[in-house]
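J.: Same order as they appear, the protein sequences are chains W and B. Its first residue numbered 1, the first sequence is counted upward by one per residue in our numbering. Its first residue numbered 1, the second sequence is counted upward by one per residue in our numbering.
In case anyone wonders, no lab produced these hints; they're calculated from the structure. Treat the hints with care, since some could be wrong.
What the hints assert, rightly or not - Here are the simulated lysine-lysine pairs, DSS-like style, with alpha carbons at most 25 Å apart:
#, chain 1, residue 1, chain 2, residue 2
1, W, K18, B, K82
2, B, K186, W, K18
3, B, K82, B, K186
4, B, K237, B, K73
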Amino acid sequence: MSEPERPSSLDDLNQRLKDARGKFAPDAAPEDEGASSGGLGLGFRVAIDLVAGVAVGVFVGWLLDRWLGTTPWLMVLFFFLGAGAGFSNILRAERESRKKPD
Amino acid sequence: MASPLEQFEISPIVPIQLGSVDVSFTNSSLWMVITVVVAGGTLAIAAGRGAMVPGRLQSIGELLYEFIAGLIKETIGAEGRKYFPIIFTIFVFVLTGNLLGMVPYSFTFTSHIIVTFAMAIVIFIAVTILGFARHGTHFFAFFVPPGTPLIMYPMIPIEILSYLSRPISLAVRLFANMMAGHILLKVIAGFVAAMGVFGILPLALVVALTGLEIIIAFLQAYVFTILTCLYINDSIKLH
Numbered sequence: 001m002s003e004p005e006r007p008s009s010l011d012d013l014n015q016r017l018k019d020a021r022g023k024f025a026p027d028a029a030p031e032d033e034g035a036s037s038g039g040l041g042l043g044f045r046v047a048i049d050l051v052a053g054v055a056v057g058v059f060v061g062w063l064l065d066r067w068l069g070t071t072p073w074l075m076v077l078f079f080f081l082g083a084g085a086g087f088s089n090i091l092r093a094e095r096e097s098r099k100k101p102d
Numbered sequence: 001m002a003s004p005l006e007q008f009e010i011s012p013i014v015p016i017q018l019g020s021v022d023v024s025f026t027n028s029s030l031w032m033v034i035t036v037v038v039a040g041g042t043l044a045i046a047a048g049r050g051a052m053v054p055g056r057l058q059s060i061g062e063l064l065y066e067f068i069a070g071l072i073k074e075t076i077g078a079e080g081r082k083y084f085p086i087i088f089t090i091f092v093f094v095l096t097g098n099l100l101g102m103v104p105y106s107f108t109f110t111s112h113i114i115v116t117f118a119m120a121i122v123i124f125i126a127v128t129i130l131g132f133a134r135h136g137t138h139f140f141a142f143f144v145p146p147g148t149p150l151i152m153y154p155m156i157p158i159e160i161l162s163y164l165s166r167p168i169s170l171a172v173r174l175f176a177n178m179m180a181g182h183i184l185l186k187v188i189a190g191f192v193a194a195m196g197v198f199g200i201l202p203l204a205l206v207v208a209l210t211g212l213e214i215i216i217a218f219l220q221a222y223v224f225t226i227l228t229c230l231y232i233n234d235s236i237k238l239h
């Protein structure tokens with residue numbers, strides 16, 4: 001009815017579709033991320049990562065002990081492995097947060 | 001005075017017993033249902049109109065959508081598009097749950113570790129299955145990247161434990177933040193009544209902490225979501 005007045009809505013739609021697709025193009029530059037949640041957040045996160053590693057280690061060790069009947073030893077071993085896992089969690093998180101800007 | 005831990009008490013509303021398992025409909029379940037209704041209702045109304053110039057509600061919907069879409073693009077890339085529904089659902093569910101928990105007399109289900117752990121373990125198992133579905137047994141290369149020197153092989157158990165610790169750190173992070181904040185609020189609010197006229201000081205602190213808690217509600221929902229994205233990314237791309 002009022003076609004002559006505005007550009008055809010199909011063209012408009014095409015443009016918008018193109019824009020929307022462009023947003024998800026893999027080569028689009030990622031926006032830099034501003035918010036590292038501050039010192040308290042970081043500390044909380046590191047503590048939880050470390051404790052989670054140790055807890056999982058002890059739990060797995062305890063399960064294996066119960067299964068194999070070697071009672072304290074695997075738990076002791078896995079305590080240290082779990083601590084190692086906790087530290088590797090922290091290191092990985094740190095590396096990832098450094099890697100972010102590029 | 002009421003204990004600051006009373007707010008976390010679970011009380012059955014409709015007791016249901018299935019065999020020996022207690023599956024009662026509790027206040028926790030009630031607030032989960034309310035969360036789903038509020039979130040779903042808000043988004044349904046937000047999406048329903050589709051006006052060219054968005055109103056308030058539609059703006060909320062669009063902001064949420066673009067926020068999560070941007071997050072996925074940043075962490076997973078274009079491939080992550082497929083996982084938008086689940087990631088969006090997780091974010092909105094956790095965020096709404098956290099925020100509804102800030103309403104006086106409500107119940108914060110995200111401050112219960114069993115709730116956050118259930119979500120985390122589902123995500124963990126799904127992501128592991130995704131990894132195996134994508135890569136088959138090559139997924140084990142996640143623990144032993146190709147070209148690993150023999151001397152690094154003792155690191156394998158550590159890597160596996162580190163992988164297994166993911167759901168725990170995911171669950172504990174959300175739960176600990178929510179619970180600590182809510183306890184702190186109640187403890188300091190307790191001082192207001194106890195200190196009489198000087199109660200004005202803790203009152204001011206409570207007001208400030210309430211603001212902080214609302215920020216934490218957003219932040220923890222964001223952290224939970226971004227970690228989910230990172231885990232999906234790891235499963236798809238194997239580092």
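J.: If you test the structure against every hint from before, which numbers come out violated?
T.: 2 and 3
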